[in-house]
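*Asks:* As a plain string of letters, each chain reads:
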Amino acid sequence: MAVDWELVAFFVLSAFEIVGSILVVTNRRLVRAAFWLAMTLVTIGGIYLLFRAEFVFLIQILVYAGAVPVLFVFGLMLTRRKIMEESSPEEGGP
Amino acid sequence: MSAPLIPDLFAACKVLTGAIIWVVNQIVLAIAIVIPPFRGLAEWLGSDPVVTALTWLVVMTVMLLWATLVNLLTVMWLERKLYSRLQDRYGIMVSIWSLPFWPFNRKDRPTHMGLGYLQNVADGVKLLLKENLTPRDADSAMFHMAPVLIAASTLMIFVALPWSSGFYVVRLDLNLLFILAAFSLAPFGILMAGWSANNKYTLVGGMRAAAQLMAYEIPMILCVIALVFTTGSLDVFEIVAQQERPLVDLGLFAIPAWNLFGPQILGFVVFTVAMMAEMERIPFDVPEAEAELVEGWTTEYSGMRFGLVFGFKWLRMVAGSALIAILYLGGWTGPVFATFQVGGIAVPIVPEELWFILRVWLLSMVFVVVSWSVPRVRIDQILQIGWKRLVPFSLLAILVAAGAALVGWGP
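Listed in order, the protein sequences are those of chains A and B.
Residues in the first sequence are numbered consecutively from 17, following our numbering.
Residues in the second sequence are numbered consecutively from 1347, following our numbering.
A hint or two may mislead.
A short list of chain B residues far from chain A (calculated; beta carbon distances all over 12 Å) [claimed, not checked]:
| # | residue |
| --- | --- |
| 1 | Ala-1388 |
| 2 | Ala-1399 |
| 3 | Lys-1427 |
| 4 | Arg-1431 |
| 5 | Arg-1452 |
| 6 | Ala-1487 |
| 7 | Met-1488 |
| 8 | Phe-1529 |
| 9 | Leu-1537 |
| 10 | Val-1550 |
| 11 | Leu-1612 |
| 12 | Val-1640 |
| 13 | Trp-1707 |
Which bits of chain A does chain B cover? Going by a derived footprint, with three or more residues having C-beta under 8 Å, they are [unchecked claim]:
| # | region |
| --- | --- |
| 14 | 47 to 56 |
| 15 | 75 to 82 |
Derived by calculation from the structure, the hints in this document are not laboratory data.
Using N, Cα and C, we set each Cβ at its ideal position, and we do this for glycine too.
Only chain B is shown next, with the shape it has when bound in the complex:
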C-alpha cells in the first residue's frame, strides 16, 4: 500500500495561494496608507470566494507546468536520445556551458559533451522568435483557431487524468469517459487545421489523420467497454484501487492483480495498438508521411504555432501512456520498500507519483522503440487494420470479458 507524495493537490495549492495573497496584501496595505480606499481591495482579496477561485487557477497552472515543463520536455528528450542510440549515434549533446552569457560562458568546460536536456527548450525559444506566417489563400480565422483547439483539447485530458491518488485537478464521477471525450476532439481540430491552410498537402494530411483517428477510436472505446465488464466502474480511481491486491503471492514478491493478467489481455493489445494510431506514431503516421506529404497537416504552420501542434503530439503520447498504465498496468500502485517518519506518519521512500511516471515514461519509450524500428504502413492498410482486424478483435475482447464476468474469472 503505497502513499501519494501530494495527498491533496487542492489543499497544497491553497497554502501557496494564501502565501501569494498575503504578499500582495502587504503591498496593497502599504499603498492604503496613502490612498485609504485600497484597504477594501485588500479585504476583498483575502475573502474566501476569491481565495478559492484563485486556488483553482493555481491548481490548473501547477498541472499545466507539470504536464508540459516536466513530462513533455522529458519524454521528448528521452525519445531524441533513445532513437539516436537506436541509430548508433549520440543524439543531442549540447551542454549548458555553450550559452554565450555569464555564468555559463566558462572556457574550461566542454560545450558539446553534455546530456542535451535543454535542447528542446532552445528549440522552443527558436520557434518563439520565428515569424508567424499565414498562407495567402488560407481561411485566416480557422487557421489561427485550430492550434488553440488542439492544444486546449489535449490539456483538457489532464484536468481529469490523475497522477496519483492525490495529485489530480478535479475528481469527476465519469473521469474515464471525460478523458476519452477529450481525446476524441482532436480529429476535428486536425481536420480544421488541414483544410483551412488551403494547401493540398495539409488537406490530404488532415483527411488522413481524421480518417485514421476516427477509425481507431472505435476499437479503443470498445476495449474500454470490455474493461468495464471486469471493473464495473468508469472511475479511474476505482479501477486502480481494484488492481492493488496481489494476484499470486510468491513469497519474496507478489504478482499484482493488474487488468493485464487475465481475460483483458486481448483488450490490452488492441487498446495499445489503437492508442499508437491515435498518437500518430510511425507505423501509423501516414498523416505526416514526410516522404509524400511535406509535414502532413502541420505543413503551413510556422513559429510557435508549429511548436504547439508538433509538441502536443508528445503530450498526447504522455496522456495515452498514462491511460494505458491506469487501465491495464496498475496505475500508481507499487510495492513499498522502505518508509521514513514525518511527524509520526510513515511516508514511503518511493511515492505513488514516482511509480506512475516510471510506468508512463517506460511505456512511452516502448512506443518510441517500436516506432523507430518498423516501417510505415499505407493508408489503405491502416484502415484495413483498423476496421477489419482491431474492431473484430475488440468485439471478441468484449465477448471474452462478458464470459469471464459470467463465470467469475478475473485478474
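In isolation and in its complexed conformation, chain A is listed as follows:
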C-alpha cells in the first residue's frame, strides 16, 4: 500500500500546531505560553514547506520563530513584576 507521506507530515504538523495553539491560550505561565507560540509558528512554517513555498518558509522562520516570541517575552518582562519562580523563605538560604 502506498502511503502519502506528505499527507502524513501535514497531519503530524497540524496536530503539533493545534496542540501548541491550545497550550498558548491555556497555559498559566505566560513565558511558557510564549514559547509554545514559537512552536506553533514553526509548525506553520513547516506546512508552508509542504506547499513548496520555500521563500515563505524561510521568512516565517526568520521573522516569526526568531523575533515574535522574543518580543512577547520582552512585553511580559516589561509589564509584569515577577516572571521568575520564587523560593519559599524556609527552604531558601539567606
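Using the hints provided, position chain B relative to the given structure of chain A.
*Replies:* Just chain B now, with coordinates in the frame of chain A:
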C-alpha cells in the same frame, strides 16, 4: 580560476559509504552462511535508496567533523594563543608529551614547551567528565532543551554554508536566506536558556542577549538587501562567481572585483559591526559581562552542556566570518600560482578550500584582536549604536547601492 579540492562532496562520500557498506556486507554474508535469512539483509543494505540515505548521513557527519573538529578547535586555539600574545604572555603551551600513558610518557621530552593545540580537547574531556547539574527551581524540560536548540540552529548554518564550489552539503536556491534564518534562531534559544534556569543573572543575560541579537539582525539583513542590488541573486555561489573577475589589472597582479571595493563599502562596515554583535564578542558582550553577571545566560549550565553553549559561540564566529568572506571578500576565489597534473587534469597547488579557510581564520583573528583591545560598551549604548547608528547607515547603504545600480557603478 582556482579549482576546488573536493569537486563534489556527495560523490566523494558515496565512495566512502560504498566501502563501509561493502565491509558490513562481507560480515553479514559470513553470518548468512550460518543463518540464511541474513542474505536478504545484505541485499537490502546494498540497494540504491539505502546507499543514498546513508550517504546523506555520511555527508552531514563529514561537515560536522570539519566544522567542529577542524575549524572550531583551530579558531579557539588561535584565539587563545593570539590574545595571550596581546597580553605579553605565551598562552597554552602544554605539549602532548605531558600525557601520563604510553607512548607519550617520555621523560626526555619537554612537557610544557609545546604549542598547546590539544588543550581545548583536554578541556572538552574535562567538561564531559563533570557532573551535570540542574538548578532546583529550574524549568527542567526547557533548561535541557535550550542547548540542543542553540547547537542545532548553529549547525543548521553549515548545511547551506559552502566552503568551496564543491565542498558543501546541499545547494539550496535561497541558501543566503537559509543561513540568515538559521542565524536568527539563536536569540530564542538564548532567551529560553536564560529564563529556564530561574536565576537572576541568567535572566538578565538572556534578556540582554535577545535584545542585542534582535537589534543587530535588522542592519545585517538590510545590508544584505543592499548587496542584492549589486548581485541580483540570493545564491551564495552566484555571489562568489560574480566576484571572480579582476577589477583593475596592474600587470603583475590584479585587484579582484570583491564587493568590498565599490558602493558596498558602507554595507561591509555595518555588516561586520553587526556580525560582531551577533557573535557576542567583547565590545558587545554585555550578555555575559563577567564583572556584573557571573557568566551571563550560561551561568547555571555545567558539564558538557556548558561546553556546548560556550563552544558554539566560536562556531558562530566561524560561520559569521565565512558569511562576511562570501558576501564581501570574494569567497573562495584566489589566484593560481602553480598547478600539477593528476591524470591529465591541472589541479592548482592552492585549492579553493585553502583560500576560503585562510580568509575565515584571518577574519576571525581580526575579530579577536579587536575584542581583546577595546573596552565593553554598556547595554544602553549597545542599543543606541544598533538602532540610532547602524540602522540609518544600513538604510543609507541601500540608497547608495540602489543609486549605484541605477547608474551602473559596480565593483
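*Asks:* Tell me the numbers of any earlier hints that the structure contravenes, in ascending order.
*Replies:* 6, 7, 8, 9 and 10
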